[in-house]
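Undergrad: One-letter residues, chain by chain:
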Amino acid sequence: MSVAAAATTTIPKQEHVETASKADRRRVRTAFAFLAPSLLGVILFLVIPIILVIFLSLVQWNLLTPMKWVGLSNYLNIFKYDGFGHSLAVTAYYVILNIPIQTAFALGMAMLLRRKMAGSGVIRVIAVLPFLATPVAMGVVWNWVFNPSTGLVNQFLGHLGITGPAWLSNEATAMPVIAFANIWQYAGYNMLFFLAGLGAIPLTMYEAASIDGASKWEQFRRVTLPLLRPTMLFVLVTGVIGSFQVFDTVYVMTAGGPGNATEVASLNIYNTAFAGFRIGEASAMSVVLFLVILAITIAQFRYFNKRITYEIA
Amino acid sequence: MTSVTTAVPAATAVTTGRASRLGKGARITLFYLLLLIIALIFILPYVMSIFGAFKPLSAILSQSPLRPPSPPTLANFKTIFTQYDFGRYLANTLLVTVILTAGQVTFSLMGAYAFARMEFPGRDSLFWLYLMTLMVPNIVTLVPLYVLFAHSHLLNTYWAIFLPYVLGVPFSVFLMRQYFMTIPKEVMEAARLDGCSEGRILWRIVVPISRPIIITATLLAFVFGWNNFMWPLIVTNSNSLNVLTVGIANFNSNFSVQWNLILAGALVALIPMVILFAIFQKHIVNSISLTGINR
Numbered sequence: 059m060s061v062a063a064a065a066t067t068t069i070p071k072q073e074h075v076e077t078a079s080k081a082d083r084r085r086v087r088t089a090f091a092f093l094a095p096s097l098l099g100v101i102l103f104l105v106i107p108i109i110l111v112i113f114l115s116l117v118q119w120n121l122l123t124p125m126k127w128v129g130l131s132n133y134l135n136i137f138k139y140d141g142f143g144h145s146l147a148v149t150a151y152y153v154i155l156n157i158p159i160q161t162a163f164a165l166g167m168a169m170l171l172r173r174k175m176a177g178s179g180v181i182r183v184i185a186v187l188p189f190l191a192t193p194v195a196m197g198v199v200w201n202w203v204f205n206p207s208t209g210l211v212n213q214f215l216g217h218l219g220i221t222g223p224a225w226l227s228n229e230a231t232a233m234p235v236i237a238f239a240n241i242w243q244y245a246g247y248n249m250l251f252f253l254a255g256l257g258a259i260p261l262t263m264y265e266a267a268s269i270d271g272a273s274k275w276e277q278f279r280r281v282t283l284p285l286l287r288p289t290m291l292f293v294l295v296t297g298v299i300g301s302f303q304v305f306d307t308v309y310v311m312t313a314g315g316p317g318n319a320t321e322v323a324s325l326n327i328y329n330t331a332f333a334g335f336r337i338g339e340a341s342a343m344s345v346v347l348f349l350v351i352l353a354i355t356i357a358q359f360r361y362f363n364k365r366i367t368y369e370i371a
Numbered sequence: 014m015t016s017v018t019t020a021v022p023a024a025t026a027v028t029t030g031r032a033s034r035l036g037k038g039a040r041i042t043l044f045y046l047l048l049l050i051i052a053l054i055f056i057l058p059y060v061m062s063i064f065g066a067f068k069p070l071s072a073i074l075s076q077s078p079l080r081p082p083s084p085p086t087l088a089n090f091k092t093i094f095t096q097y098d099f100g101r102y103l104a105n106t107l108l109v110t111v112i113l114t115a116g117q118v119t120f121s122l123m124g125a126y127a128f129a130r131m132e133f134p135g136r137d138s139l140f141w142l143y144l145m146t147l148m149v150p151n152i153v154t155l156v157p158l159y160v161l162f163a164h165s166h167l168l169n170t171y172w173a174i175f176l177p178y179v180l181g182v183p184f185s186v187f188l189m190r191q192y193f194m195t196i197p198k199e200v201m202e203a204a205r206l207d208g209c210s211e212g213r214i215l216w217r218i219v220v221p222i223s224r225p226i227i228i229t230a231t232l233l234a235f236v237f238g239w240n241n242f243m244w245p246l247i248v249t250n251s252n253s254l255n256v257l258t259v260g261i262a263n264f265n266s267n268f269s270v271q272w273n274l275i276l277a278g279a280l281v282a283l284i285p286m287v288i289l290f291a292i293f294q295k296h297i298v299n300s301i302s303l304t305g306i307n308r
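Protein chains in written order, with the numbering used here: chain A, 59 to 371; chain B, 14 to 308.
Only chain B is shown next, with the shape it has when bound in the complex:
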């Protein structure tokens, strides 16, 4: 009787084992099929626009978007850089984005250090002020900022494009402050006893051990500056000051059937970001995760 009762579970164990092994093969196939579909969804738009940007207009209109250009032509890029001002747009974008990033990271870093590891009257209430403004959506300050810039005669200057973001932004201050809070106080106190100035402590001790969060802030500022559209669109109205996003949008509304040139223009903005991504992909993936930790 005991032998019967033990035999039954043994039998079921065998059959479920076989079922799950069969299921495992199917599941792995399904897994990789899903991975392939996901990869295609994210990569295909890039591939198509690269193909299109290297084709003449006639080929774009007659061929499948998925067919590689044969032979690839640089004529579209030549046109947008010589007959139109994409060289200028690219240079403007680089200039403005580099200034914006350098200023925003440096000044946010200094503010974050003061909030995290220095003592001064009103620190907590000032930090609350930063937290409150952190929640204000960009669109809300758009019209009054424009009015302020118009009154200061700053419209249509390079300054106008980066000034609202270059002095440091609350999000960046908050992000780095949270990170600095994890550095033991004793480290700074020991340095102070050794006669180190606060500036020296920041640059020689805090910055080297906070590289991950500084890289995060730098990447976020750079991507923001590079992709920013609404603000440059509003504060500049001369072609010589246009950044890439504004240049592409104007080009799109003026030459909406010239897909070859439009795609080439779009790639001028997209490709540097892909290169940035290829170089810093590990950092970028970790960076984004870091911004979520401080929720």
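In isolation and in its complexed conformation, chain A is listed as follows:
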């Protein structure tokens, strides 16, 4: 479409080439002046680093001694010696704990707050507040809430006569607690997208469905969910990309422990690059993580594209 628009606008311009060329040239200069800062930023801080990370993944380097070309061997070594396979599995486990519950919670709240009733506006606002909460600061608060002896959770369980686990130093519970922290932070944020999506579904759709004898559950499954697919795609894609990079809360709450039970991919990259100073291996990990995120994003688009067949005008 933009190509067609550009083609139609160039035709009248060429007719006035003699008279307007000076003004045109000035306008092009202004356009590039407007574009220059952000273009410089994109090239220096995105394009060059992406090319550089691929190059660095093929060398052995500790930032001080000269680089040594090692070809693709970093890509083997990170799985053999650095437990990157484990890190990817742990990250995937985190995403699986996090995304379905967070999305269901967000959608559930949106369905609940959909109709304007007294009080629903206040909750809408309250639910978004955690989006602004500094993850590092919330991380230390959760450390306290889940502290085995002084934390709220185990104190509460104690009143019920249950001895709660040492949540964050227990292999089975550490990752679910980190996932909980993330769900708390982003459920309300995602709810807003679902509320916007639900608002775009015409009420006549539901009237037609109920005339056809569809129950509330059938209406949800056959009307609401299909028409929410574009919103669902957006929420899932952004959520998955973000979750695969989780770092702040893990760093503060477990630092990868107990053992390496919560050593997610980004933490492994961080440790390899900035504690071990093995830039080549850390770069290879970054490239692999990028490819994983890219593959999952493409898969999500494919899955949804096959199923989004109509849109509401």
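It is worth saying that the hints were derived from the structure and are not from the lab. Even for Gly, the Cβ is constructed at its ideal location relative to N, Cα and C.
To spell it out: a stretch of chain A is covered by chain B in this simulated footprint if at least three of its residues, at any positions, have a beta carbon under 8 Å from a beta carbon of chain B; those stretches are:
# : region
1 : 84-94
2 : 168-181
3 : 303-313
Following the hints, complete the assembly by docking chain B onto the known chain A.
TA: Here is chain B on its own, set in the frame of chain A:
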């Protein structure tokens, strides 16, 4: 016979009417119960940490986290601001976040306007370049960016903390570009015929009618800058350059049992965001919705 057939549906209508009325009361109770639970889940962590930050350590260790401090004490805040460097961390965070936000919004705005309403060779391919980089996760550029900054001798400076984000970011450019595309071309063309410069058109016409999206970009940049952790953690290693997030994380690993001080430190980062939220809550809620429209 006709009277019988009409009587039956009338009777069922009455009973279903009563059932749904009974159900309505129960449903409203359930609705508000759920609202209460949701509100508690989101508010309770804030309330507890505020209570904790105003209690001495002994009270935190012996009392329920839900009990208000009696009497509340400012000793924890006094300690972290005088014996530790939280005043410095706060000032660093404010400085870096304000510079990052001002630069990112201004430069993204200019780029977005050029893409939306100006003509120049290579516009479409450059826009594609922005779209491609939009999809690159931050973690992927972390190591090479560090290498670049190390080579430019920029590590351990204020510059290092905000430089990668201050020249404008593709997401912000994209967000505002989509918004500017909705402004009719004729508005700019009329202004150009009147002899208006592009800069004047941008500041006097486009900016005033694009306030919602500019506020969105500003809030997103500010929240990002304020909460950013991994990058400042990597590029700074002196206490005097620490931002709040790095200060809190270091404090957490060095003094992990001093809950009173840790909670007070966490609140120094959390409370300004709560205040920002209280002032701009309508804008923030609308802002987030706006970022979803351009999917």
